[in-house]
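Chains as they are written, first to last, in this note's numbering: chain A, 1 to 310; chain B, 1 to 310.
In case anyone wonders, no lab produced these hints; they're calculated from the structure.
A portion of the hints provided could be inaccurate.
[Stated by the list, open to error] Straight-line distance between alpha carbons at most 25 Å, and here's what the computed SDA-like set of lysine to any residue pairs gives:
| hint | chain 1 | residue 1 | chain 2 | residue 2 |
| --- | --- | --- | --- | --- |
| 1 | A | 162 | B | 125 |
| 2 | B | 284 | A | 21 |
| 3 | A | 284 | B | 125 |
| 4 | B | 162 | A | 128 |
| 5 | A | 162 | B | 25 |
| 6 | B | 162 | A | 114 |
| 7 | B | 162 | A | 239 |
| 8 | A | 284 | B | 20 |
| 9 | A | 284 | B | 31 |
| 10 | A | 162 | B | 126 |
| 11 | B | 284 | A | 25 |
| 12 | B | 162 | A | 124 |
| 13 | A | 284 | B | 30 |
| 14 | B | 162 | B | 202 |
| 15 | A | 162 | B | 110 |
| 16 | B | 162 | B | 233 |
| 17 | B | 162 | A | 109 |
| 18 | B | 162 | A | 120 |
| 19 | B | 162 | A | 106 |
| 20 | B | 162 | A | 110 |
| 21 | A | 162 | A | 239 |
| 22 | A | 284 | A | 246 |
| 23 | A | 162 | A | 42 |
| 24 | B | 284 | A | 26 |
| 25 | A | 162 | B | 127 |
| 26 | B | 284 | A | 30 |
| 27 | A | 284 | B | 106 |
| 28 | B | 162 | A | 25 |
| 29 | A | 162 | A | 210 |
| 30 | B | 284 | A | 31 |
[As the list claims (entries may be wrong)] Pulled a few chain A residues facing chain B out of the computed Cβ check, cut under 10 Å:
| hint | residue |
| --- | --- |
| 31 | 6 |
| 32 | 9 |
| 33 | 28 |
| 34 | 46 |
| 35 | 82 |
| 36 | 99 |
| 37 | 113 |
| 38 | 153 |
| 39 | 156 |
| 40 | 163 |
All residues carry an ideal CB built from backbone N, CA and C; glycine is no exception.
Here's the letter readout for the chains.
2 protein chains.
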Amino acid sequence: MGSAAGGGFPQWNCACPNCEGLRAGRLAATARTQEGVAVSADGERWVLLNASPDLRLQIERLPALHPRAPRESPIRAVVLTSGEVDHCLGLFSLREGRGLPVYTTARVRDALVRENALAGRLLGAGGPLGWRRLELEVATPVADAGGRPTGLVVEAVAVPGKPPRHLESVLDPDPEDTVGLRLRAARGGPVLAYVPGAAAVDDAVRRVAASAACLFFDGTFWRSNELADLGIDARRAEAMGHAPLAGTEGAIARLAALDVPRRILIHLNNTNPLLDETSPERQKVPSKNRHAADAATRRTASSTAAAPGT
Amino acid sequence: MGSAAGGGFPQWNCACPNCEGLRAGRLAATARTQEGVAVSADGERWVLLNASPDLRLQIERLPALHPRAPRESPIRAVVLTSGEVDHCLGLFSLREGRGLPVYTTARVRDALVRENALAGRLLGAGGPLGWRRLELEVATPVADAGGRPTGLVVEAVAVPGKPPRHLESVLDPDPEDTVGLRLRAARGGPVLAYVPGAAAVDDAVRRVAASAACLFFDGTFWRSNELADLGIDARRAEAMGHAPLAGTEGAIARLAALDVPRRILIHLNNTNPLLDETSPERQKVPSKNRHAADAATRRTASSTAAAPGT
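Chain A extracted, bound-state conformation:
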């Protein structure tokens, strides 16, 4: 499935002669995802050897690994050769598995599950990340690792949501579970509002969007019962933290009342009929409610805050 070491080729933080040469098109070489192999005794039931961080992409590139039903997979088990990040992180992308067997030595399992060293080292003190607190409704300058300004200021506003599913039985819901963001350049200019998850369009969402030049908003589900209708999950959209888009009380109707020139739907679920460009639902979405396509609009989307004044 992939043949590169940890980080892949090219690597996100590397401009060595190989990585830089590949990006510039000067090197006679092929981009490679991180290492892993899929094996099968019959071409029907597949076993993964290691689960790389690139697993989602790797599965999509191999038709033999594609599911045949709404929640199914020909991947029947995983075998790990070590507990290295580049061999394990893909396990987290199999989060809708149903008891998918993972074969490891007792040592590798203990280290991953009991000692929790992976998350501890990567997310904890002394690791590669440095945590900075966002106080609700306080404009916070965003600085880099050396404390130098990035030129951006962010403000978080609590919006209707819920704890992530993995926290539901651990912690009570809290306003800080889900926030929307208002972003602007420190030197002034237009506001970008970013609300990728919200269980309703309420006053808090309106406060995030106030006077924004552009709003990214949660486009997860078209209908409240979208997953139930497909037999995937009995929960309603709102119970999963997402306001449905359709209907007179839906998010699109409520967003239409906002004074925001550009409104872009983001975080679309794979079941959303808006993904089908020919669907009747798609024709109902006003052109001012665009949904971001990865390829077509990504330059526009990413340069929104980069071009104050436009």
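Got chain A; can you put chain B on it based on the hints?
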């Protein structure tokens, strides 16, 4: 950077009308990676809004986010709107960060770092994965979640290695840290040997490879001091758990002595000169030591165990 909800579009275990239609080429739609946005006030210093599991791919698709030096990145900070897996998992792919600031509410940080609910839920009991123990040097039939055989049998052999870096200060090294695998169909047929990481080619590696039709072997580094020479990391290849390929004592010379018809190098680091198809090092590798390219040889690689008798 991406516009899909958790799981992306299409999703690994989903063949709903949208996912299936996209894969079959029947749907007027675009594949989408998981949701996230990159913003910048000046087009130079970039801030990520959420860090999706697809982050590595997303960074490579946006030239503005590419590094300018061997260990550098224009990504200066990350801002999270929630602790959902599809907003956080990309943090683990930034593992070579150097104190990269991550802005979150106190709640989201506590949930990720202190409670460790993410790894606990995804890797622990009752989660999507079911752990199965590999005893060293015991042939173990690989079964699916329902206990039904997959038709494959695997045997793990301890090979020279080291604990993953995140465990180095937590646990003493153990033979079970790193294993090689021997795989065969339960009905018989040729053996596939898989050793993606090994600090030396020793008797244990030779035992994994004995009478195999094909061997995947650790091709991480060409030279022992490859990273030091580029100023990236002072450690030698062997200290990082990888036998260097070059030289009369190197892995290629030692593998050449094995009676294995196909030998495929895998887990190549981005600094490895073998990635450059025109490099002098590449010309030195016997054609029987192939290195797997993601695109070109993936069908061959994945069908090795699927086609006993060929």
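Hint check:
Among the hinted pairs, residue 162 of chain A with residue 125 of chain B is consistent with the structure: their alpha-carbon atoms are about 23 Å apart, no more than 25 Å. Under the criterion of a C-alpha separation no larger than 25 Å, the hint pairing residue 284 of chain B with residue 21 of chain A is consistent with the structure, at around 21 Å. Between residue 284 of chain A and residue 125 of chain B the alpha-carbon distance is near 44 Å, which puts this suggested pair outside the 25 Å criterion. Under the criterion of a C-alpha separation no larger than 25 Å, the hint pairing residue 162 of chain B with residue 128 of chain A is consistent with the structure, at around 21 Å.
Proposed proximity of residue 162 of chain A and residue 25 of chain B is contradicted: the alpha carbons are some 36 Å apart, above 25 Å. About 19 Å separates the Cα atoms of residue 162 of chain B and residue 114 of chain A, which keeps this hinted pair within 25 Å; it holds. Between residue 162 of chain B and residue 239 of chain A the alpha-carbon distance is near 45 Å, which puts this suggested pair outside the 25 Å criterion. Proximity of residue 284 of chain A to residue 20 of chain B is assessed by CA-CA distance (about 24 Å); at most 25 Å being required, the pair is judged to hold.
For the given pair, residue 284 of chain A sits about 22 Å from residue 31 of chain B by alpha-carbon distance, which is consistent with the 25 Å threshold. Under the criterion of a C-alpha separation no larger than 25 Å, the hint pairing residue 162 of chain A with residue 126 of chain B is consistent with the structure, at around 21 Å. Between residue 284 of chain B and residue 25 of chain A the alpha-carbon distance is near 24 Å, which keeps this suggested pair within the 25 Å criterion. Simply put, residue 162 of chain B and residue 124 of chain A have alpha-carbon atoms about 22 Å apart, close enough for the 25 Å limit, and the pair holds.
The straight-line distance between the Cα atoms of residue 284 of chain A and residue 30 of chain B is roughly 19 Å, inside the 25 Å bound, and the hint therefore holds. Among the hinted pairs, residue 162 of chain B with residue 202 of chain B is consistent with the structure: their alpha-carbon atoms are about 15 Å apart, no more than 25 Å. Distance check on the hinted pair: residue 162 of chain A and residue 110 of chain B sit about 16 Å apart at the alpha-carbon level, within 25 Å; holds. A distance of roughly 17 Å separates the Cα atoms of residue 162 of chain B and residue 233 of chain B; the hinted pair therefore holds under the 25 Å criterion.
At roughly 15 Å between alpha-carbon atoms, residue 162 of chain B and residue 109 of chain A fall within 25 Å of each other, so this suggested pair holds. Taking the CA atoms of residue 162 of chain B and residue 120 of chain A, the gap is near 19 Å; set against the 25 Å cutoff, the hint holds. Distance hint between residue 162 of chain B and residue 106 of chain A is fulfilled; the C-alpha atoms sit about 15 Å from each other, no more than 25 Å. This hinted pair checks out: residue 162 of chain B and residue 110 of chain A have alpha carbons roughly 16 Å apart, not beyond 25 Å.
Between residue 162 of chain A and residue 239 of chain A, the direct Cα distance comes to roughly 8 Å. Compliance with the 25 Å bound is thereby established for this hinted pair. Restraint check: the Cα-Cα separation between residue 284 of chain A and residue 246 of chain A comes to about 9 Å, which is no more than 25 Å; the hinted pair holds. Restraint check: the Cα-Cα separation between residue 162 of chain A and residue 42 of chain A comes to about 43 Å, which exceeds 25 Å; the hinted pair is violated. With a C-alpha separation of about 22 Å, the suggested pairing of residue 284 of chain B with residue 26 of chain A holds against the 25 Å cut-off.
Among the hinted pairs, residue 162 of chain A with residue 127 of chain B is consistent with the structure: their alpha-carbon atoms are about 20 Å apart, no more than 25 Å. Distance hint between residue 284 of chain B and residue 30 of chain A is fulfilled; the C-alpha atoms sit about 19 Å from each other, no more than 25 Å. Of the pairs offered as hints, the one joining residue 284 of chain A and residue 106 of chain B is violated, with about 40 Å between alpha carbons and a cut-off of 25 Å exceeded. Annotation: proposed proximity of residue 162 of chain B to residue 25 of chain A is violated, straight-line Cα distance about 36 Å (limit 25 Å).
A C-alpha spacing of about 23 Å is found between residue 162 of chain A and residue 210 of chain A, which places the hinted pair at or below 25 Å, so the restraint holds. Taken as a hint, the residue 284 of chain B and residue 31 of chain A pair is honoured in the structure, with Cα atoms around 22 Å apart against an allowance of 25 Å. Taking 10 Å as the C-beta contact cut-off toward chain B, the hint placing residue 6 of chain A at the interface holds, the least distance being around 8 Å. For residue 9 of chain A, the suggested interface contact is upheld, since its CB lies about 4 Å from the closest CB of chain B, less than 10 Å.
Satisfaction of the interface hint for residue 28 of chain A is found here, the shortest Cβ-Cβ separation to chain B being roughly 4 Å, below the 10 Å cut-off. Here the hint on residue 46 of chain A is kept, as its CB sits about 8 Å from the closest CB of chain B, short of 10 Å. Contact between residue 82 of chain A and chain B, as hinted, is supported at the beta carbon level, the nearest pair being about 5 Å apart and thus within 10 Å. Using the Cβ-Cβ criterion of 10 Å, the hint placing residue 99 of chain A at the interface with chain B is satisfied: the shortest such distance is roughly 4 Å.
For residue 113 of chain A, the suggested interface contact is upheld, since its CB lies about 5 Å from the closest CB of chain B, less than 10 Å. Residue-level restraint check for residue 153 of chain A holds (minimum Cβ-Cβ distance to chain B is 9 Å; threshold 10 Å). Proximity of residue 156 of chain A to chain B holds as hinted, the smallest CB-CB distance being about 6 Å (cut-off 10 Å). For residue 163 of chain A, the shortest C-beta to C-beta distance to chain B is roughly 7 Å, which falls under 10 Å, so the interface hint holds.
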